[in-house]
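Protein sequences appear in the order of chains Y and U.
Taking this note's numbering, the leading residue of the first sequence gets 1207, the next gets one more, and so forth.
Taking this note's numbering, the leading residue of the second sequence gets 24, the next gets one more, and so forth.
It should be emphasised that the hints constitute simulated quantities derived from the structure, not laboratory data.
Treat the numbers as computed from the prediction; the structure is a model and nothing was measured.
Errors might be hidden in some of the hints.
As the list claims (entries may be wrong) - With beta-carbon atoms standing in for the labels, derived distance ranges:
id	chain 1	residue 1	chain 2	residue 2	range
1	U	T133	Y	E1223	34 to 40 angstroms
2	U	S89	Y	A1287	31 to 37 angstroms
3	U	T36	Y	S1267	37 to 43 angstroms
4	Y	V1220	U	P93	48 to 54 angstroms
5	U	G39	Y	T1278	47 to 53 angstroms
6	Y	V1290	U	T61	26 to 32 angstroms
7	U	S89	Y	E1265	38 to 44 angstroms
8	U	G108	Y	S1267	27 to 33 angstroms
C-beta: ideal position from N, C-alpha, C; glycine also.
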Amino acid sequence: AQKVTQAQTEISVVEKEDVTLDCVYETRDTTYYLFWYKQPPSGELVFLIRRNSFDEQNEISGRYSWNFQKSTSSFNFTITASQVVDSAVYFCALSDLSGAGSYQLTFGKGTKLSVIP
Amino acid sequence: DTGVSQDPRHKITKRGQNVTFRCDPISEHNRLYWYRQTLGQGPEFLTYFQNEAQLEKSRLLSDRFSAERPKGSFSTLEIQRTEQGDSAMYLCASRTVTGELFFGEGSRLTVL
């Protein structure tokens, strides 16, 4: 069975600080996808990134960066120079890799990030 | 608006009543998914369709729940004889077979 653990329930930071959101996953699959989604108060889940298990290269997109370490089954997310607009609940998720598969996502419980001005 | 749309956004009902939610996916997306999210939790998979065929159902989808996608376009999720435990956000998402998953804003159900 697949499982995603986000140990940090809530984090508060002051604007412009850097913050890292942790994600640890469990799966028996040898190939899989990992995701991060942002859920602002409006409720819509906003896609941030998808990585496949073949590619452990870290990725940077603007103020966002992701650190994938297969050896520790972790896929951590760092926001640099946080802004108030980053305040939201962030979810890490895991799914099967095959396009023919269900692409059923298993989500963690989320980390609520509050950025204080 | 070309995103995933859900209706109604909010529904308050009394226990025992039936409710129906509608999801209109992105037009070229042949796969459609339903998830349920309770307070303080991540979304949980309920079921998904490829075109009009319902290919997988979670054990969370009790006999009181039924989902349809006639003609492979919009989908409906009906809950019969609602219970207080059904109170949740019901999220719809769609994708192409190889594409990314896009979520709607959800339908929030409150059962009194």
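* To do: Starting from the range 26 to 32 angstroms, see whether the pair Y/V1290 and U/T61 falls in it by beta-carbon distance.
  => This hint holds: roughly 27 angstroms between Cβ atoms.
* Asked: Lying within 37 to 43 angstroms: is that true of the beta-carbon distance U/T36 to Y/S1267?
  -> Taking Cβ atoms as reference, U/T36 and Y/S1267 lie about 42 angstroms apart, which means the hint holds.
* Taking 47 to 53 angstroms as the hint, is the beta-carbon distance of U/G39 and Y/T1278 inside that range? -> Holds, since U/G39 and Y/T1278 (Cβ atoms, about 49 angstroms apart) stay within the stated range.
* Taking the beta carbons of U/S89 and Y/A1287, is their distance inside 31 to 37 angstroms? -> Taking Cβ atoms as reference, U/S89 and Y/A1287 lie about 48 angstroms apart, which means the hint is violated.
* **Range hint compliance [Cβ, U/T133 to Y/E1223, 34 to 40 angstroms]** => Hint holds: Cβ distance 37 angstroms, inside 34 to 40 angstroms.
* Asked: Do the Cβ positions of U/G108 and Y/S1267 conform to the proposed distance bound of 27 to 33 angstroms?
  -> Check failed, 39 angstroms falls outside 27 to 33 angstroms.
* U/S89 versus Y/E1265 beta-carbon gap, inside 38 to 44 angstroms or not -> The hint (38 to 44 angstroms, Cβ to Cβ) holds, given that U/S89 and Y/E1265 are roughly 40 angstroms apart.
* Does 48 to 54 angstroms hold as the CB distance between Y/V1220 and U/P93, or does it fail? -> At 52 angstroms between Cβs, range holds.
The structure fails hints 2 and 8 (numbered hints given earlier, in ascending order).
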